[in-house]
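Peer 1: So you can see what is in the structure, the chains are spelled out below.
2 protein chains.
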Amino acid sequence: MSALETVEEHRSHSGVQGVYRHSSASTGTEMTFSVFVPDHAEGAKLPVLWFLSGLTCTHANVTEKGEYRAACAEHGVIFVAPDTSPRGEDVPDDEAYDFGKGAGFYVDATQEPWARHFAMRSYIERELPALVGKHFPVDLDRQGITGHSMGGHGALTIALRNPARFRSVSAFSPIVSPLNCPWGEKALGGYLSPDREAWRAYDACALIDDGARIDHLLVDQGTGDDFLETQLKTGLLIEACEKAGIAADIRMQDGYDHSYYFISTFMAEHVSWHAERLAR
Amino acid sequence: MSALETVEEHRSHSGVQGVYRHSSASTGTEMTFSVFVPDHAEGAKLPVLWFLSGLTCTHANVTEKGEYRAACAEHGVIFVAPDTSPRGEDVPDDEAYDFGKGAGFYVDATQEPWARHFAMRSYIERELPALVGKHFPVDLDRQGITGHSMGGHGALTIALRNPARFRSVSAFSPIVSPLNCPWGEKALGGYLSPDREAWRAYDACALIDDGARIDHLLVDQGTGDDFLETQLKTGLLIEACEKAGIAADIRMQDGYDHSYYFISTFMAEHVSWHAERLAR
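Chains A and B, in that order, give the protein sequences. No gaps in the numbering here: position 275 of the first sequence is 275 in the numbering used here, and each next residue is one more. No gaps in the numbering here: position 16 of the second sequence is 16 in the numbering used here, and each next residue is one more.
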């Protein structure tokens, strides 16, 4: 588990932006991820913010377009961006952009041919934090998580299932209920059993309905997002949080779409919001 | 000249990031460029900052990775990023990354087969400003220019040849003297006459030696840039400015390389520096 290969490192925003590769036991493949480490006092351990990416993305999209480094350097926060699925010739795939490679949906697949490699839940919940904790100066008692679209779904569900691990959770245009949208039905139907009860552990609204709780939540959602009505359905999350008494700041941002032009606009606010909650 | 096609527009950082296409008389091709327009009072005309990109780039690199929008929105500055060469099947090319498409060097080529299309000097100096002035709310009395590497060379030489047009000029890791580096010798030797006297109009240090002046200059150059010693030779610009009495703030940035991880780090400072000089 512990071997880590440095793919590239760049000085950036008074820190180091790196890309790293390792052999993952969870997925049975090599996995690549990026880490930004701001300059810090020798021996210091910094809080860490996880960013889970959306459909078709790798670590590279947010690393290049996310505009998080200035804010992370200002607040002394380490930023980790994992890949969205296993990769490689041995890994099964689907022709569609929303299933297979680039579309892991942060689940542990139970159906063939996916079960062997598609273990993104275990990877993000257990393997990668241990690896990052071993190789980078992170304080694992101070973790926050965010993500975009499918990665917003990942951030919400992982935080709801692991409330003790995360002090803060936010999301950009998340899929809030895979049970209630075509992307979710296809992915969870394919990776998991057709039994929709098995999907509830991977559905933010269902987890909340079933009693999972987080203390606070920040969500930004563009009103010009083409996926809002059909796939994202932010209203379901607003309802679930209201019913559960979760203090959710869910902001509809006028005219913004689903792209990194939207994400980068609000990234600094998210980093700052997490940093407040991750302070000692 | 006046027809402008909108390729895409995105709401971003309280403004609109667009990509546009038009038929260029200078290059005899379609040309694509990006423009960021911050929100502004109706009827207001904003200052404009031109960004010229480096070898292999199009408008897209800085548009996606440049991290300029937050600062441009804060200061009310329009940001325009042109392409680096003509494009299209009719346009001659070279196998190398540093000649032909993606490597226009901001010259008006005089040699065949380049002379027909490679007129990037005329395009940036005359055609594009007129087009941008017609279609966007820019105040053409308040223009600044910057760029990276080959585009830093472009920014410096265009500003030195047109001091009345620009109130401010800066550069990121510019090629400061094509007369004295392999990239420059290959490009100017190919696009222009083998007579090196003809190159002096496209060499920042030679222009300064020959009497061209600008009031101020800001340059950032990474010390970890692999091209520093062989191609960029920042020291020649420092010498030329000292000799000419040009107030140049040329900053060697410890450990930074030639990538957009470097550019994005110092972009906000450059935008702010230009904005000060472009205030009414």
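Any given hint could turn out to be false.
Remember, identical chains collapse to one label, so a pair may be satisfied in a single copy or spanning two.
[What the hints assert, rightly or not] The calculated DSS-like cross-link candidates involving lysine-lysine, where the alpha carbons are at most 30 Å apart (straight line), are: (1) K65 with K186; (2) K186 with K45; (3) K233 with K134; (4) K65 with K45; (5) K65 with K243; (6) K243 with K45; (7) K101 with K65; (8) K243 with K134; (9) K233 with K45; (10) K243 with K233; (11) K134 with K101; (12) K134 with K186; (13) K101 with K243; (14) K101 with K45; (15) K134 with K45; (16) K233 with K186.
These are calculated hints, taken from the structure and not from any lab test.
Peer 1: Taking the earlier hints as the rules, which of them does this structure contradict?
Peer 2: Per hint list: 2, 3, 5, 6, 8, 9, 12, 13, 14 violated.
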